[in-house]
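The listed protein sequences correspond, in order, to chains E and R.
If you use the numbering used here, the first sequence corresponds to residues 25 to 329, in order.
If you use the numbering used here, the second sequence corresponds to residues 25 to 329, in order.
These are computed hints drawn from the structure, not numbers from a lab.
No incorrect hints appear here.
Same chains, same names: a pair is fine if it fits in one copy or spans any two.
Below, a list of computed lysine to any residue pairs in the SDA-like style, where the Cα atoms sit at most 20 Å apart:
#, residue 1, residue 2
1, 112, 289
2, 152, 180
3, 152, 98
4, 41, 64
5, 152, 48
6, 112, 62
7, 197, 220
8, 112, 58
9, 41, 62
The structure presented is a predicted model; accordingly, all values stated were derived computationally and were not measured.
Each chain is listed here by its residues.
Number of protein chains: 2
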Amino acid sequence: MLARYAQYGGIEAGGTKFVCAIGDASLSLLERIEFPTTTPAETIGRAIEFFRSRAGNDGLTALGIGSFGPVDPRPGSPTWGYITTTPKEGWQHTDFAGSLRRALDVPVGFDTDTNAAALGEGALGAAKGLHTFAYLTIGTGIGGGALVGGVRIHGLLHPEMGHMRLPRAEGDKFEGVCPFHGDCFEGMASGPALRARAGGPPDRLPADHQIWTNMVHYLSAALVNIACVLSPQRIILGGGVMHQRHLFPRIRRRVQHLLADYLQSPEIVNHPETFIVPPGLGDDAGVIGALALARHAAGGDIDQE
Amino acid sequence: MLARYAQYGGIEAGGTKFVCAIGDASLSLLERIEFPTTTPAETIGRAIEFFRSRAGNDGLTALGIGSFGPVDPRPGSPTWGYITTTPKEGWQHTDFAGSLRRALDVPVGFDTDTNAAALGEGALGAAKGLHTFAYLTIGTGIGGGALVGGVRIHGLLHPEMGHMRLPRAEGDKFEGVCPFHGDCFEGMASGPALRARAGGPPDRLPADHQIWTNMVHYLSAALVNIACVLSPQRIILGGGVMHQRHLFPRIRRRVQHLLADYLQSPEIVNHPETFIVPPGLGDDAGVIGALALARHAAGGDIDQE
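Next up, chain E with everything else stripped away, as it sits in the complex (with noise of 0.2 Å):
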């Protein structure tokens, strides 16, 4: 049983900022605030601050964390709720759930950014009613989580769709920005990949220009590979680079045709406007994901059917 006012605390870690929220048992949004992501000792400590400070008298129920990474979220393993190999500097190996329970004395939830992402908008937003399907973030880095049958993708850690190699575009000659593997899906079409390829901010660039075409290519390569492998009822493309809203009728044409007549479903060969969407929950996706993270650990369902 949820207690009828439950509060629920939710902090979305990005490597560039920290956003927490306050919401309620349907994961509305009561406080909200952002602040700059710099040390774990200051940026852990400025949400706590927050959280004691705002939680009211009764304080939290209990708080979710969707975590920029690699993190830990495997429940029982030693270094459960832990930030480990990231490239962020001076985030390796954080202990950042398990900080948080300590000074807050509530039941944590923790996952990637983007699997709280994703259930978020499972909950409230473009993915509302579905049991599978695929949130994709395309930004700074590229990231994906999912869910499977109602349930959040872990296995061996979690999901890493940004890594995935995929075929080059015709001509292109860009070598990739990704330190660990130069050209994989996020070395070529991530924000800085992007950046990098227009050689400033991408935004002046006619729409059909050839960085858009090289963007579609695989942009689109990614979708059909998350199809061929989760077999998703909808996939969500949000992030900052999907601002570019003339990118979707491009990637969703030419993941109807890189399909082929093989996947015969309605969703994808005479609505794949409902087969690639934008968030939802625009921006708020990833801190009401994490409040679904916290309304789990209280023992409240956050789960599709």
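Here the structure of chain E is known, so what remains is to put chain R in place on it, guided by the hints.
The following block gives chain R in isolation, referenced to the frame of chain E:
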């Protein structure tokens, strides 16, 4: 409750042959028969005859089918249990599971051949005790099945892992044999692709031949992509091509290399031989998985945990 002496029927339906078996509640094979896949009427007729004649006085408790595809495995769909848009002549839009349910009057469980094989490996084989893993078969076609948190992947339809798009191996000019997509994973690395590359049976190629190097390239890229999307605890590689056991150590080394230092789980870094493995049930994974589907259809439990 399961009957004490439940008797399950299982069909592994391949494009070349059918394997039918009768098993007990522990999924031990009591009877087993194989025959070639000809027309639907003749082939399904032989299966019905086998189960009618061999299931004894009490008949079957339930039947499970793992089928070549594409199929419709969605419960409640008007075409549930159908083989749909298969290239296999005469089998398009065949009401496979429905025909058997009407003839035998028992509950029928139905899924893809590879989801069934994944189930079999999870119940008794190389994935026993794991909750999130993939089973990939590299044979006449390339197909994949998976369990995520103990749940088989369905979603929009079912996985089609053979149709992922992968980067080309350097200098590889082979155009691919997939009738739908040319140079998708199946087009480049299935049994027929291997045979076309070799200009005949590949068995006599020396282990250091460039063709094997190319095969290792595509298989490893596919495994990396599956790892990035699904985060499986293990990937099982079966099918005729993988009888070439010399491929296993090379694929393991290359997957380690491609994941670089990014996915730092001990399973991949220190024990790749436990991450990428051959099937534990050999060629019986599919039919044992079909028996597990039958047990599930009868109300018994199939999934891990």
